[in-house]
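Going down the list, the sequences are from chains A and B.
The numbering of the first sequence is the working numbering, which starts it at 76 and goes up by one.
The numbering of the second sequence is the working numbering, which starts it at 28 and goes up by one.
Hint data in this document are derived by calculation from the structure and do not stem from the laboratory.
Take the hints with a grain of salt, since some may be wrong.
What the hints assert, rightly or not - Which stretches of chain B does chain A cover? Using the computed rule of at least three CB atoms under 8 angstroms from a CB of chain A, they are: (1) 281-294; (2) 314-322.
Unchecked claim - Only some residues are given here: those of chain A computed to face chain B with a beta carbon under 7 angstroms: (3) M132; (4) Y135; (5) L154; (6) T156; (7) N160; (8) A186; (9) G224; (10) A225; (11) I316.
A virtual CB, placed ideally from N, CA and C, is assigned to each residue, including glycine.
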Amino acid sequence: MAVDETAATILASEALTKNFGGVMAVNDLSLEVREGEITAIIGPNGSGKTTFFNLIMHLYDATSGQILFGGERRNLLDLPTHKINAQGLARTFQTLRLFPNLTVLENVLVAMSAHVNAGFLPALIKPRSLREQDKGAEEKALETLSMFGARLISMCNEPASSLSYANRRRLEIARCVASRPRLILLDEPVAGMNPTETRGVIEDIQRIHEKGHTVLLIEHDMKLVEGVAHRVFAFDHGTKIAEGSFREVSTHPAVIEAYLGKRAARH
Amino acid sequence: MPEVDFIDTQVAREDTRTLAEKARDRLMLGGGQVALFAAFLVGIALEDAVLVTGFLLLVVVGAIGWGRMPKLNRWAGKRLAKDKRFAQLILIALLAVFPFVFLDNPYLIHLGALAAIFAIMALGLNITLGFCGLLDVGFAVYFAAGAYASSQLAVIFDVSFWIGLPIGGLTAAFFGFLVAWPALRVSDHYLALVTLGYGLIMNLLHRNFTFLTHGTDGVINIPPPSIFGWDFVTPIEIGDLELPFQMNFYFLALIIAMLTVFVSIRLRDSNLGRQWEAIREDEVAARCFGVNVRRLKIIAFSTGAFFGGIGGAVFAHMIGFVHPDNFVLLTSIMILAMVIIGGMGNVAGVVVGAVALTLIPERLREFEDLRMLLFGGALVLIMIYRPQGLFPNSRRRRELQAEKINTLIAESGRDDAEAPGLPDEVKV
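With these hints in hand, go ahead and build the complete structure from the sequences.
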């Protein structure tokens with residue numbers, strides 16, 4: 076897949092640095108994610124990929140640098156975490172973070188309504204307008220769940236903890252989509268999945284992309300990265316060491332060195 | 028894409044029973060309720076220590092047996108779900124009948140009122156702990172705030188109970204708001220320690236801020252509530268029958284408790300409640316999806332505390348005397364135990380927990396010094412055999428339309444069989 080240099084930038088990291096004590100988790104990282112693309116971040120363990128995601132959601136404060144989002148180039152590091160979703164960003168987690176005792180449907184409903192200030196009085200009085208609003212939200216939530224066929228929707232009234240592992244990962248994705256973000260961040264969407272399930276996820280990511288979401292994902296599974304990514308960033312030691320199409324990056328000497336050591340890179 | 032029949036287990040079915048079937052079902056349901064209630068009445072009327080112990084053992088054995096029969100459980104659950112409104116009406120009727128059964132034993136009516144007051148407070152803690160997952164071990168602070176605020180207003184400024192009641196609640200809510208700020212910085216065990224310290228400090232203040240609380244002398248001569256010159260300690264007379272005045276307090280507490288149940292359910296089912304539960308389940312994920320965790324935690328603390336204060340105000344005006352010993356750590360722990368044993372987050376369970384934990388220690392008074400030993404032992408046993416509480420918080424099923432779901436699945440155009448041949452298509 077070719078890299079399109081004309082697309083607008085949706086997310087830009089500028090000289091972003093984060094250190095935990097003496098450890099430089101992210102080190103002077105600058106990159107641009109383009110609107111409408113599927114972008115993948117690869118790199119060895121500890122190369123700062125997930126830290127980068129956590130910085131985007133402002134779960135950590137950056138040591139220096141900024142993360143600019145959208146055409147208006149808002150610095151996400153100026154916003155508290157709970158306001159970032161409303162900007163048009165949603166993420167999944169490497170270690171699943173569903174709401175296990177809420178039902179599948181409620182997991183999605185939380186993501187849809189959280190930025191609406193939950194009022195006290197309307198909750199007690201429950202006016203007709205609110206009832207209709209709730210009903211509409213429920214239908215939209217069901218529509219979102221139906222993107223995975225019967226798999227999630229048939230369990231919509233069961234607690235999320237009763238789902239199979241693969242379906243929990245799907246629910247994380249559905250929860251993201253339900254919040255109608257422009258950019259979806261997927262943190263290792265196929266970690267722990269078998270090859271058949273991985274193929275399913277590849278298809279899902281492409282469907283999300285077709286619906287108009289920009290996707291930024293972290294992944295170790297090169298089959299998936301090769302299959303879906305328009306653009307690939309390779310990370311090592313908290314910084315970007317290579318960028319381009321999968322073919323370019325996978326043959327880049329610095330990337331081979333990062334994964335396999337210096338000797339392999341020379342050959 | 029075939030019709031998906033397993034959807035059937037997910038949706039609410041329409042009521043297709045004939046009139047006769049309906050009548051039969053309701054008769055069975057009501058009969059069951061009345062029988063259970065009668066057993067309860069017998070239980071609390073027992074005086075003899077041996078009989079009380081025997082009765083409690085019987086209840087425990089019954090509860091364990093019930094837990095071992097999932098089929099019967101599900102059957103009963105379905106019956107109950109079908110005639111929910113009806114069951115609620117019967118329950119309210121039974122609660123209204125309760126004091127009339129014990130006209131010659133006003134102490135039991137008094138206990139009933141006390142149970143309702145503790146139910147109000149336990150429901151308050153259930154909002155903080157059960158809904159939002161914030162472990163508050165200093166709930167007696169709010170109990171005290173409500174009791175002192177409304178009683179001192181009445182004693183010093185001669186303010187009516189009906190104004191003192193909401194002010195007591197709001198004062199308590201303010202104390203909940205106060206602890207929310209430091210509490211926001213910590214979670215889990217550390218939060219428990221913060222609230223524990225809060226409870227201990229406040230109890231010291233109750234003893235030493237004598238200008239506000241009269242210290243260990245307590246606030247005395249708190250006037251009873253009154254409506255249009257009729258006050259609650261005057262018994263109502265119907266013909267020759269004089270109803271004990273405890274009944275007035277019983278109905279007052281019962282009505283407020285029912286209102287609290289209503290508010291709890293409405294909050295739980297709202298957007299607000301869902302966001303609270305999201306925080307309880309996973310705070311980081313909740314924040315990432317836009318939940319304003321800070322704001323909602325403050326609301327949870329204050330709302331829970333408000334009901335603590337309401338309970339406190341009713342308590343003060345019923346007993347007529349407020350003393351710092353009412354608000355010690357043990358009180359906080361009792362209210363906490365009501366919520367945990369009843370089942371965190373389950374409104375009905377918490378009410379049952381509150382009633383049981385108010386009445387059982389009273390009935391065990393026969394054992395004198397052994398009382399708390401037995402009671403503590405019982406709590407340990409419950410936590411071993413039923414750590415999730417008597418009534419665990421099961422998910423409420425939404426009423427969904429089967430056709431809607433089936434169309435959605437059909438429209439999604441996805442087959443559940445694993446997509447074949449995909450990898451070739453996505454090759455670059």
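Do the hints match the structure? See the list:
For the stretch 281-294 of chain B, the assignment as covered by chain A holds, since 3 residues bring a beta-carbon within under 8 angstroms of that chain's beta-carbons and 3 suffice. Residues of the stretch 314-322 of chain B lying with their CB closer than 8 angstroms to a CB of chain A number 7, which satisfies the three-residue condition for coverage. With a cut of 7 angstroms, the hint placing A/M132 at the interface with chain B holds, because the nearest CB-to-CB distance is about 5 angstroms. At its closest, the beta carbon of A/Y135 sits 11 angstroms from a beta carbon of chain B; the interface hint therefore is violated under the 7 angstroms criterion.
Interface restraint check for A/L154: the shortest CB-CB distance to chain B comes to about 11 angstroms, outside 7 angstroms, so the restraint is violated. Here the hint on A/T156 is kept, as its CB sits about 4 angstroms from the closest CB of chain B, short of 7 angstroms. Proximity of A/N160 to chain B holds as hinted, the smallest CB-CB distance being about 4 angstroms (cut-off 7 angstroms). The criterion of a C-beta within 7 angstroms of any C-beta in chain B is met by A/A186, whose closest approach is roughly 4 angstroms, and the hint holds.
Given hint, A/G224 at the interface with chain B, holds; its Cβ is 3 angstroms from that chain's nearest Cβ, closer than 7 angstroms. The interface hint given for A/A225 holds, since its Cβ lies 5 angstroms from the closest Cβ of chain B, which is under the 7 angstroms cut-off. For A/I316, the suggested interface contact is broken, since its CB lies about 22 angstroms from the closest CB of chain B, more than 7 angstroms.
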